[in-house]
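These are the residues of each chain, in order.
2 protein chains.
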Amino acid sequence: MAKINKITLNRYRNFKSYEIAFNEKNNIIYGSNGSGKTNILESISLLGKGRGFRNSSIEDLIYKNENEFLVESEIEKDFDNHNIKIYSKLTNNKYKKISSVNNEVSKEASVFLEQTLSFLYFLPEMERLFVSSPSYRRNFIDKLIFSENKNYNKLMNKYKKNLTERNKILQLNNFDSNWISAIENEIAISGLEIYRLRNEKIEILNNELLNLNKLTFYPFSVKFEHKDIFYKNNIDKSEYLKNLKNFRNIDSQYGGTKIGPHKSDFLAKINSEISASKLSTGQQKTLVLITIYAQCKHLINQKNIKPILLFDEICSHLDETNRKILLELSKGFDIQFFFTGTEKSLFSFMSTNTNFYNISNI
Amino acid sequence: MAKINKITLNRYRNFKSYEIAFNEKNNIIYGSNGSGKTNILESISLLGKGRGFRNSSIEDLIYKNENEFLVESEIEKDFDNHNIKIYSKLTNNKYKKISSVNNEVSKEASVFLEQTLSFLYFLPEMERLFVSSPSYRRNFIDKLIFSENKNYNKLMNKYKKNLTERNKILQLNNFDSNWISAIENEIAISGLEIYRLRNEKIEILNNELLNLNKLTFYPFSVKFEHKDIFYKNNIDKSEYLKNLKNFRNIDSQYGGTKIGPHKSDFLAKINSEISASKLSTGQQKTLVLITIYAQCKHLINQKNIKPILLFDEICSHLDETNRKILLELSKGFDIQFFFTGTEKSLFSFMSTNTNFYNISNI
Numbered sequence: 032m033a034k035i036n037k038i039t040l041n042r043y044r045n046f047k048s049y050e051i052a053f054n055e056k057n058n059i060i061y062g063s064n065g066s067g068k069t070n071i072l073e074s075i076s077l078l079g080k081g082r083g084f085r086n087s088s089i090e091d092l093i094y095k096n097e098n099e100f101l102v103e104s105e106i107e108k109d110f111d112n113h114n115i116k117i118y119s120k121l122t123n124n125k126y127k128k129i130s131s132v133n134n135e136v137s138k139e140a141s142v143f144l145e146q147t148l149s150f151l152y153f154l155p156e157m158e159r160l161f162v163s164s165p166s167y168r169r170n171f172i173d174k175l176i177f178s179e180n181k182n183y184n185k186l187m188n189k190y191k192k193n194l195t196e197r198n199k200i201l202q203l204n205n206f207d208s209n210w211i212s213a214i215e216n217e218i219a220i221s222g223l224e225i226y227r228l229r230n231e232k233i234e235i236l237n238n239e240l241l242n243l244n245k246l247t248f249y250p251f252s253v254k255f256e257h258k259d260i261f262y263k264n265n266i267d268k269s270e271y272l273k274n275l276k277n278f279r280n281i282d283s284q285y286g287g288t289k290i291g292p293h294k295s296d297f298l299a300k301i302n303s304e305i306s307a308s309k310l311s312t313g314q315q316k317t318l319v320l321i322t323i324y325a326q327c328k329h330l331i332n333q334k335n336i337k338p339i340l341l342f343d344e345i346c347s348h349l350d351e352t353n354r355k356i357l358l359e360l361s362k363g364f365d366i367q368f369f370f371t372g373t374e375k376s377l378f379s380f381m382s383t384n385t386n387f388y389n390i391s392n393i
Numbered sequence: 032m033a034k035i036n037k038i039t040l041n042r043y044r045n046f047k048s049y050e051i052a053f054n055e056k057n058n059i060i061y062g063s064n065g066s067g068k069t070n071i072l073e074s075i076s077l078l079g080k081g082r083g084f085r086n087s088s089i090e091d092l093i094y095k096n097e098n099e100f101l102v103e104s105e106i107e108k109d110f111d112n113h114n115i116k117i118y119s120k121l122t123n124n125k126y127k128k129i130s131s132v133n134n135e136v137s138k139e140a141s142v143f144l145e146q147t148l149s150f151l152y153f154l155p156e157m158e159r160l161f162v163s164s165p166s167y168r169r170n171f172i173d174k175l176i177f178s179e180n181k182n183y184n185k186l187m188n189k190y191k192k193n194l195t196e197r198n199k200i201l202q203l204n205n206f207d208s209n210w211i212s213a214i215e216n217e218i219a220i221s222g223l224e225i226y227r228l229r230n231e232k233i234e235i236l237n238n239e240l241l242n243l244n245k246l247t248f249y250p251f252s253v254k255f256e257h258k259d260i261f262y263k264n265n266i267d268k269s270e271y272l273k274n275l276k277n278f279r280n281i282d283s284q285y286g287g288t289k290i291g292p293h294k295s296d297f298l299a300k301i302n303s304e305i306s307a308s309k310l311s312t313g314q315q316k317t318l319v320l321i322t323i324y325a326q327c328k329h330l331i332n333q334k335n336i337k338p339i340l341l342f343d344e345i346c347s348h349l350d351e352t353n354r355k356i357l358l359e360l361s362k363g364f365d366i367q368f369f370f371t372g373t374e375k376s377l378f379s380f381m382s383t384n385t386n387f388y389n390i391s392n393i
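Chains as they are written, first to last, in the numbering used here: chain A, 32 to 393; chain B, 32 to 393.
Bear in mind the hints are in silico, worked out from the structure with no lab data behind them. A few of these clues could be false.
Which copy is meant is left open, so a pair is good if it fits within one copy or across any two.
Here are the computed lysine-lysine pairs in the DSS-like style, where the Cα-Cα straight-line distance is at most 30 Å [to be verified]:
id: 1; residue 1: K263; residue 2: K300
id: 2; residue 1: K309; residue 2: K120
id: 3; residue 1: K309; residue 2: K47
id: 4; residue 1: K309; residue 2: K174
id: 5; residue 1: K254; residue 2: K116
id: 6; residue 1: K80; residue 2: K309
id: 7; residue 1: K258; residue 2: K95
id: 8; residue 1: K199; residue 2: K289
id: 9; residue 1: K334; residue 2: K268
Make a model of the complete structure from these sequences and hints.
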């Protein structure tokens, strides 16, 4: 895996032009509200697939009154440096994001980036994971799976495409039963695979969380649970198909598919007793961050993947004890970290192998 | 209006038994994550109507393995002290919240509390006001209206009840057109009143925000806008009724009412140019807090109401400048404030007329 040596922002968000060289371990970006801390982390996340960790429109990435942006980066992999350019391109009045590796735009370049970089990140909105909607929690688990399985997005897209197709067919007055059976077959295959991957992820997270709990002397034990009305027992494809068939009538009126992994939820239990949603704001935030560390540990030890961690505003809402637990944890990992915060002092004890960047008045 | 002299918590949330005497001006409750800071603010909010600012179930308010809670408070109004008790009562397996004033439980006691206490509050989830759903923003505006107009909840409930009634009627195969016309008449009357009150509130907020902007030298100007597909121009009742009638067919299929104040949204523009949702986390939080101060100013100066302010975790995510602007603002108000935070140092310059409570190890 790679690390990021530097990044140059051109006509990107609030930066007309800005260059920043990074430490191989800890990078702490601090400054006042609105100075652009999150924007810098986002520019790093743009090196991955998609439109960055905020999933913003390309237009929003472009500096005011400009027509394009360019984020240039140098990444180091196996002692080689590579030049990565991420920029916007306007075609037929629509913006696209283009990635080049050593000035080459190709399928191979994209695959190289996919295989070279993996990101884990925390954004302030994730503080509300345990009190948010089920779709938010599904998405959280899915992103963790994606960090180690770059085909997972394809699987999810295929599954969703077939659900939409099934809904369309059910709205027809007379439909070909072979046609819908074929679609339902596809749904069952990818649905079962999504269930399997998510269950596997939950199990792995729970094991890693148990280890972290011992390591950090964190007072809570946390255990995730998969909640799904349909997937109560281990179901096979024939059972899945039978259920889809039985639900056709209801689904046609309801305009959707009642069963499947798009309806799952994920809960977290604390000390085998209370729901994580009952904890305080700061405690909930700590749990989300520890879960991300759990996935980080799994990636490094089991998958031989060194992720890059983008931690936006992890100190706010946390008391000194939790802040220290979470920042201390970073010391045990030989990977590159990017933190943001309003004040340098929050990170003051992280002195070795750490760069500080004050971006308040650039 | 009144101030709160002290509060005693019995078998409430994480407090087996705890008493706390308050300062008439600033009260700063600090301590580690999960120590119960928000629970104390919530216990104060229970003195108002309903189940407190988190709208929790009564069961959740009761200390683990206990059957009831009691929050006792002494409030001072016009040099008289009053004893207020808020407690749970189990009737037919259902918990109710009971309020007594000087040991009297009556309609008069409730009215006394309603007329004596008004709360404004900030909770961490409100940080996401501008990027949350329209219903969240409607709710925010509605709570501000409620802080000065205790009949507003009744109006809202009446409106919603009639909407539900209309939906039910539309699901019938043959309905009496006099019946639906009567319901729609009720909907139009209360709908127009809600529109009027909300527009009035937006106008008042915008004026107060303009004043605060001059006062605090805050670099942004903020202006709220009412966004509603139906209420573009000033509509009258006949126009409203005509539209409801025209929409009956669509609404019957859709299972709801397409037009009305339950569909409105509220946006905020910064410097007449960009949407508040584009600002950074800290900047958005500052704007929400300034808006609450704007309502506070209006209540004191125009309505002769002295609200009690419950500000949960207002310092997190804020840089020093914004923190100072917001805490300094409190000095200008002759009302009672309750703040929480993980550290005392965040509030250190607020020394006069301030009590600090460390609740970490009680």
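Next on the checklist: As a check of your reading, is K309 near K120 (CA-CA no more than 30 Å) within one copy, between copies, both or neither?
Outcome noted: between (46 Å within a copy, 22 Å between copies)
Checklist entry - Within a copy, between copies, both or neither: where do K309 and K47 come within 30 Å Cα-Cα? => result The answer is between: 18 Å across copies meets 30 Å, while 44 Å in one copy does not.
Next on the checklist: As a check of your reading, is K263 near K300 (CA-CA no more than 30 Å) within one copy, between copies, both or neither?
Outcome noted: Intra 18 Å, inter 48 Å, cutoff 30 Å: intra-copy only.
Item to check | Intra- versus inter-copy proximity for K174 and K309 (alpha-carbon distance at most 30 Å) | outcome: For K309 and K174, both the intra-copy (24 Å) and inter-copy (24 Å) Cα distances are at most 30 Å.
Checklist entry - Can you tell me if K80 and K309 fall within 30 Å by alpha carbon in one copy, between copies, both or neither? => result between (35 Å within a copy, 23 Å between copies)
Item to check | Status of K289 relative to K199 across identical chains (alpha carbons, at most 30 Å) | outcome: Close inside one copy (15 Å) and across copies (24 Å); limit 30 Å.
Item to check | 30 Å Cα threshold - placement of K95 relative to K258 | outcome: between (45 Å within a copy, 25 Å between copies)
Item to check | Intra/inter-copy verdict for K334 and K268 if alpha-carbon distance must be at most 30 Å | outcome: within (29 Å within a copy, 66 Å between copies)
Checklist entry - Between the shortest in-copy and the shortest cross-copy C-alpha distance, which are at most 30 Å for K254 and K116: within, between, both, or neither? => result Classified as neither; 41 Å inside a copy, 39 Å across copies.
The structure does not agree with numbered hint 5 stated previously, though it agrees with all others.
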